[in-house]
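Asks: Spelled out from the first residue to the last, the chains are:
There are 2 protein chains.
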Amino acid sequence: MSLLHDKFSKIGVDNAPGQEVRQHIGEIRFRGKEIPGKPVDFSHGDVNAFEPIPGSLDEFTAGVRRGGEQAYTEYRGGSSIRLDLAAKLTRFSGAAVSADKGLIITPGTQGALFLAIGSTVARGDKVAIVEPDYFANRKLVQFFEGEVIPIQIDYLGTSEYAGLDLTQLEDAFKAGVRLFLFSNPNNPAGVIYSPAEIRAIAGLAQKYGATVIVDQLYSRLLYEGKTYTHLCTMDIDPENILTIIGPSKLESLSGYRLGVAFGSSKIIDRMEKLQAIVSLRAAGYSQAVLKTWFAEPAGWLDKRIVLHKAIRDDLLKILRSVEGLAVRVPEAGSYLFPRIPALAVTIQEFVKFLRLQAGVTVTPGTEFGSHFTDSFRLNLSQDHEAAVQAIERAVKLIERYRQ
Amino acid sequence: MSLLHDKFSKIGVDNAPGQEVRQHIGEIRFRGKEIPGKPVDFSHGDVNAFEPIPGSLDEFTAGVRRGGEQAYTEYRGGSSIRLDLAAKLTRFSGAAVSADKGLIITPGTQGALFLAIGSTVARGDKVAIVEPDYFANRKLVQFFEGEVIPIQIDYLGTSEYAGLDLTQLEDAFKAGVRLFLFSNPNNPAGVIYSPAEIRAIAGLAQKYGATVIVDQLYSRLLYEGKTYTHLCTMDIDPENILTIIGPSKLESLSGYRLGVAFGSSKIIDRMEKLQAIVSLRAAGYSQAVLKTWFAEPAGWLDKRIVLHKAIRDDLLKILRSVEGLAVRVPEAGSYLFPRIPALAVTIQEFVKFLRLQAGVTVTPGTEFGSHFTDSFRLNLSQDHEAAVQAIERAVKLIERYRQ
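Here the protein sequences line up with chains B and G, keeping their order.
In terms of UniProt numbering, the first sequence opens at residue 1 and continues consecutively.
In terms of UniProt numbering, the second sequence opens at residue 1 and continues consecutively.
For reference, chain B alone in the conformation it holds in the complex (with noise of 0.2 Å):
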């Protein structure tokens, strides 16, 4: 059980977001009373003030009313759903997108990530990653018993790129990396990579055979003046790129547990004989809701991406304040990723005084990478008064645990 064990122990869920509650609370020496206020849990979204998409429960209750068809579908999803869905991710991603060979419906964005890593990665393999990034690429390729080839972004930088170590990722391949995964917008600290940096990936993933995997989850929460590029139109084989893409905290559909992901149809041949293990497909009702995706009443969208830049401007101008604290204004993305400055604690203890002495839940850095022992990640998608409220208390406490 050895194996099992190593395995495991990489792969803690203590810190991840929402898993807050299971805490061992343990002996703690806090520093001074606690600050009274609504708490805010800033790891996830909150879809009580961001509502779902207008008519998605609609669409389930139909869905459920088609009955079987829509409860059975295939591993990959529904034909009809797959249809609609590959022309507006088409219209939206300026590619080609395949309904019957190219695209699966998954449960959620991280049941897509999953499929493409089991479908990709074989032990020993060597993975290049971004630190930081969404916290669950390094365990996946953990699991798999691949191993992490770091690549360095600019995240704290300001200039209109990511700043993507591009050497470090040429020195990756050549190292023996036939498999790049990222963000963009980067999760957790809302960077959106320059068109000569999507075209440098794509120029050296051909260069060296390499498979790439973009998770586009918050691609579509693009803040004012901001423009995209998508990985998937530039020149290069396209069965080597897979684009990952899913409703998020923009449209508020996570309860309906939907994500998407399209592209090479020989990885997507995979991740559907591997569905068909994991838990058969996306529940069927759900798939239903993807009709109201890329649907939204016009101007809809609009005013949401209006109102988290409003949430997101009054928070950083709290962060700014603090004085040795950086943090990126984020181009794209429901989240804010601050360096806070010394603490005389470390970043889990922290994390949990902020919790259990100011109903301020917010997610460690070090779920990013191990060394972001400085930073804890805040989603964006709040009450607004509330999560002003919720910060101003954070500052409060990071003055009182100031090294």
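Wrong hints could be hidden among the right ones.
To be clear about the criterion: a stretch of chain G counts as covered by chain B if any three or more of its residues have a C-beta under 8 Å from a C-beta of chain B, and this derived list gives those stretches [said to hold, decoys possible]:
1. 138-152
2. 161-168
3. 277-287
Here are the computed lysine-lysine pairs in the DSSO-like style, where the Cα-Cα straight-line distance is at most 30 Å [claimed, not checked]:
4. B/K226 / B/K7
5. G/K101 / B/K7
6. B/K174 / G/K7
7. G/K7 / B/K126
8. G/K10 / B/K10
9. G/K174 / G/K88
Just a few of them, taken from the derived set where beta-carbon distance is under 8 Å, the chain B residues facing chain G [unchecked claim]:
10. A62
11. V64
12. A122
13. A136
14. L140
15. S279
16. F372
Hints in this document: simulated from the structure, not taken from any laboratory.
Glycine included, C-beta positions come from ideal geometry on N, C-alpha and C.
Could you slot chain G onto chain B? The hints should help.
Replies: Relative to chain B, chain G alone:
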């Protein structure tokens, strides 16, 4: 990629239930013409003929209205739903189920099986598996690079027990097997293991310190007068037992994708860690539907079992008119697994002819063990009249392709 190629070649889905539409048809030499009739898909249940538990959609809708707390549950499932389930499963099984430590909600029982095998099987581990048994069991062990040790049951026998080969099972334990996985009632044959067999399995597992995973998906669908023995009530280290159950064809909740595993807290802890990277959680809103399970209206379940029995008996009568066909009377569950007489074509070909010439979809026996080349599986949860006519067509085709 050859390790992956090998892995994925073992988990093919071409003949998996529901995937028939993706088969490449190729050149086919039919005997005779099509036999017209209403198509019936016996590869799974017909939720139009047997509708979901009354009130299930209402509970889902109430879940959506509750919003965030229902959308983002702990990975192991919402705590109030686990509390409710633990009480119901304690009553049902007769063993104390802990809502906090000993229960996880999963995306279907398929999800539970995947998480359980991923949490207990490391590469090279020997795993004992019954033949015939649920087709994914073998594929799961192979995906995690375990070695399958087949254990026979007398699945065509007429006695009041499964005829599990206990000598073979003990030999397997002696040879180093530390995990035994089986479904009770058996899927596909509908056999219930006798009290003596369950006691013997528990005794052997305890003697060799082995873990037992029992898939009880159909344990509520017992035909008239049959009784059932829960492995989890036996005298054995409870940390070495995991029970999997979920709403099955009987309850028709497949479209919501729900399953449950209960028992060993050690295994469930790992399953939750794995769930965190596989799909985060069973769809949050769907979890709310579990409130209707084990809380069906009075008489609803009994009536449904009576209807299943009537279909079972009518199909058995027609099948038994075929010379050389053998089939057991299922004691439980919603499947029949007839062994048909020798044909002039392979079982894969015959299953294809059945679908294309007679509109009858079944699952070939080879999905349940490579040597079941003379069998197929039928799901009974169908429109009664259509099922009868479909099996009459199937019988005609058996005669047409007889050797």
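Asks: Next, verify each hint and record whether it holds.
Replies: Status of each hint after checking the structure:
1. 138-152: Check passed, 3 qualifying residues.
2. 161-168: violated (count 0)
3. 277-287: Answer holds; 10 residues pass the 8 Å Cβ test.
4. B/K226 / B/K7: violated (40 Å)
5. G/K101 / B/K7: Holds, at about 21 Å.
6. B/K174 / G/K7: holds (27 Å)
7. G/K7 / B/K126: With a Cα-Cα distance of about 18 Å, the restraint between G/K7 and B/K126 holds, given a limit of 30 Å.
8. G/K10 / B/K10: holds (27 Å)
9. G/K174 / G/K88: violated (37 Å)
10. A62: violated (11 Å)
11. V64: holds (5 Å)
12. A122: This hint holds: B/A122 lies near chain G, its Cβ roughly 4 Å from the closest one there, short of 8 Å.
13. A136: At about 5 Å, which falls below the 8 Å cut-off, the nearest Cβ of chain G leaves the hint on B/A136 intact, so it holds.
14. L140: Result: holds, 5 Å to nearest chain G Cβ.
15. S279: At about 4 Å, which falls below the 8 Å cut-off, the nearest Cβ of chain G leaves the hint on B/S279 intact, so it holds.
16. F372: Violated, about 19 Å.
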